Amino acid sequence: MTISSPRGFDRRSFLRSSAFAALGASAAVPLLGACAPQSSSKNASGGKSDPIKVGVISPLSGAWTVYGKAHIAGFKLAVDEINAAGGTLGRKWEIVQADSQTQPQVVTEQANRLIREENVAFLAGTFSSAERNAAGPVVTAADKLLLYPTFYEGQSQKYYPGVCNPNIFMFGPEPSEQVWPHMDYIVKKHGGKFFMVGSDYVWPRETNRLTKQKLTELGGKVVGEVYIPFNTPQYGSVLSQIKKSGADVIFLSLTGSDTVNFRRQLAAAGMKKDFIVWTVDDEEAATSGIGPEATAGDYVSFDYFWSIDTPNNAAFRKKVRAASGNVLMDTVGVAMYNAAHMAAKAIELAGDVSTDGIREKLGGMTFDKAPQGSITMRAEDHQAVLPSYLVKVRPNWTGTDDMFEVVHKVASVTPSAAACTDLPLKAK
Amino acid sequence: MTQVISVALDAISTSLVLALVAMGLAVVFGLVRVINMGHGAMLALGAYITWTLAQHGLPFFVSVIVSALLVGVIGLLFEVVLIRHFYDKQFETLLITWAFYLVATQLIKVFWGTDLHSVANPIRGTFTIGGAVIGRYVAVVSLVSLLLFASAGWVMYRTSVGIRVRAMIQNREMAMMLGVRASAMYRAIFALGAMLAGLAGGLISPMFSVEPDMGTLWLVRSFFVVTVGGLGSLVGGTLIGSALMGGMTTLVSLVAQQVFAQTVVFALAVIALRFRPAGILGKKAA
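Protein chains in written order, with our numbering: chain D, 1 to 428; chain W, 1001 to 1286.
These are calculated hints, taken from the structure and not from any lab test. Watch out, some of these pointers could steer you wrong.
Selected chain D positions facing chain W (Cβ under 8 angstroms, derived; list incomplete) [as the list claims (entries may be wrong)]:
#	residue
1	226
2	231
3	232
4	265
The following label-pair restraints were derived from C-beta to C-beta distances [as the list claims (entries may be wrong)]:
#	chain 1	residue 1	chain 2	residue 2	range
5	D	414	W	1129	49 to 59 angstroms
6	W	1125	D	189	38 to 48 angstroms
7	D	143	W	1099	56 to 66 angstroms
8	D	423	W	1125	48 to 58 angstroms
Treat the numbers as computed from the prediction; the structure is a model and nothing was measured. Here a beta-carbon is modelled for each residue, glycine too, at the ideal position from N, C-alpha and C.
Based on the sequences and whatever the hints tell you, model everything.
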């Protein structure tokens, strides 16, 4: 899930954050020079027994708090496992946690703080596209890596340095992985007339553009496309538009409380029997918030669900239960988990903790222990090759265990190539 | 024809739900001139208390009434402890009520956590009017909203309490000299406003997402409703304000994108305020 970046916003926050980074860089030079003797021992690549410090930026407060729990819990779980096994290169990991407050400008500040003051070896996290785009210039300027966990709109050069950035790795699915593999199934089963409802920013618009492209290939068509400003409580008018559109499927990319409000009102208007709902946003936490009545029979697609039945996931579920009680683990938490383990492996292979070393070894790495199945980090564009699941919400579910039933799955989806100008991505 | 009825029903129910949500704010803002930034948190409290009671097996409507009363009590305490010292200082009350919003929202997070909650729809199903389908529960909430405004109108214009309240709005000193107990009345009105917010929060909880920040969704819209409709014009002003903010969005989005519809409506609201600074039905503040 990705939030809040109408295009102007991206550009502005980019300008602001790059100015910030430049300022920070120029201020940091004399500062570092002055305290060089003391700081050398605290350096990221540090001594042989110093801990490896990792900066994690999660949405722990603000509008997206609901997704923050799994986000940080996934990473922590992996770090606990890594440390229990003796650490990496004999060094334990230490998480330095930061709260994004769901605000891009806070991400810029925190990323700078983690890198300059805490001397972290690399960063993991940020949540929305806007947050990732805010971190992009910072990691580029400092030449640190960012491991990004969220499902997002895919990479396209115009959003550099938030994407198409050799310093960023994408562990979450993009539309050709999250949506495309299931379109044939949905269209054959329910028809090809789609009504698209999304939040008004880059992720829904890009996702819908790509979905439309595939839908046309399959002989379907879009009979309505509506974008909703953030924090819209009432949906009466959208519902009447859908009613008269003759759609078969409502394709949803609304986020946060908007998706909850929309789906509850759709159900209350008695429209669920006439339309199929397919959402690409509502993982376990959001579906819990909407309740069984308004979600029954709807489709959701992601690379991971808590209820998927694989040996890896069975083991993972046991660990989550033991470690963090009742956290609702989801695609984002799992991506954070995978990111930590894969980074640990990359450090082992490289033999030292360096940006170049991790980048080189992470590219092309396959991780067999991922909860969703075997995943691979594509070296060329830093996009994870992931499984993809389409689930149907069971009627009268009582919790995440019996919430979703897998109806269609693809064990490994090769994503479309990123629309970046310089592939493969490599250090400048 | 069905289409027209359907749009009309949408516009009316959207407006009435919005009016219900804004009513507590209108009461406090219009009658005692306190800009209650805490209104959103009071809505959220109403929804959370309703959710909790319903979880414990209380019937939905009983839960709503209990939560309205509890939020009313919270409002009363808030008035007694803080607000009453600041009635003449509008900027201070703005800050204090905003602080209330922040503290209450954080407390909600502490007590209830940040997970989204849902309240089951107590009256499921739909019915048909002239071929147009409407959800039963939405219809009930719209009716409750209408009833509340009708009784507010009756109290304001047909009872001695109403006369005293109106006297206070027009000329506070004079009303006090004539024997109106201003402090007791202010207290009662503030508590009533909080209670109405709690009631609205409880009633809308089956239709909307129950989360700590849910109030922010409504605060700006409610303010527009109250200022556009007219300060001090509790019944007519709030209903007209809601019709403009809610109903117009429905109508404009028939022919344009939602983003555009909402922009047009906010622009209209600003234009309305340019020519009628005290609101469409507002008279010059006394």
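- Lying within 56 to 66 angstroms: is that true of the beta-carbon distance residue 143 of chain D to residue 1099 of chain W? Given a distance of about 43 angstroms, which is not inside 56 to 66 angstroms, the answer is violated.
- Query: Close enough to count: is the Cβ of residue 231 of chain D nearer than 8 angstroms to one in chain W?
  - Reply: holds, 5 angstroms
- Satisfaction of the hinted span 48 to 58 angstroms by the C-beta atoms belonging to residue 423 of chain D and residue 1125 of chain W: holds, 55 angstroms
- Query: Is the interface hint for residue 232 of chain D satisfied, with its Cβ closer than 8 angstroms to some Cβ of chain W?
  - Reply: Result: holds, 7 angstroms to nearest chain W Cβ.
- Message: Is 38 to 48 angstroms respected by the C-beta to C-beta distance linking residue 1125 of chain W and residue 189 of chain D?
- Response: violated, 27 angstroms
- Item | 49 to 59 angstroms as the expected CB spacing between residue 1129 of chain W and residue 414 of chain D, which holds or is violated | For residue 1129 of chain W against residue 414 of chain D, whose Cβ atoms are near 52 angstroms apart, the range 49 to 59 angstroms holds.
- Once the shortest beta carbon distance from residue 226 of chain D to chain W is found, is it less than 8 angstroms? holds, 6 angstroms
- Interface hint for residue 265 of chain D, Cβ within 8 angstroms of any Cβ on chain W: holds, 6 angstroms
In summary, the structure is inconsistent with hints 6 and 7 from the numbered list given earlier, while agreeing with the others.
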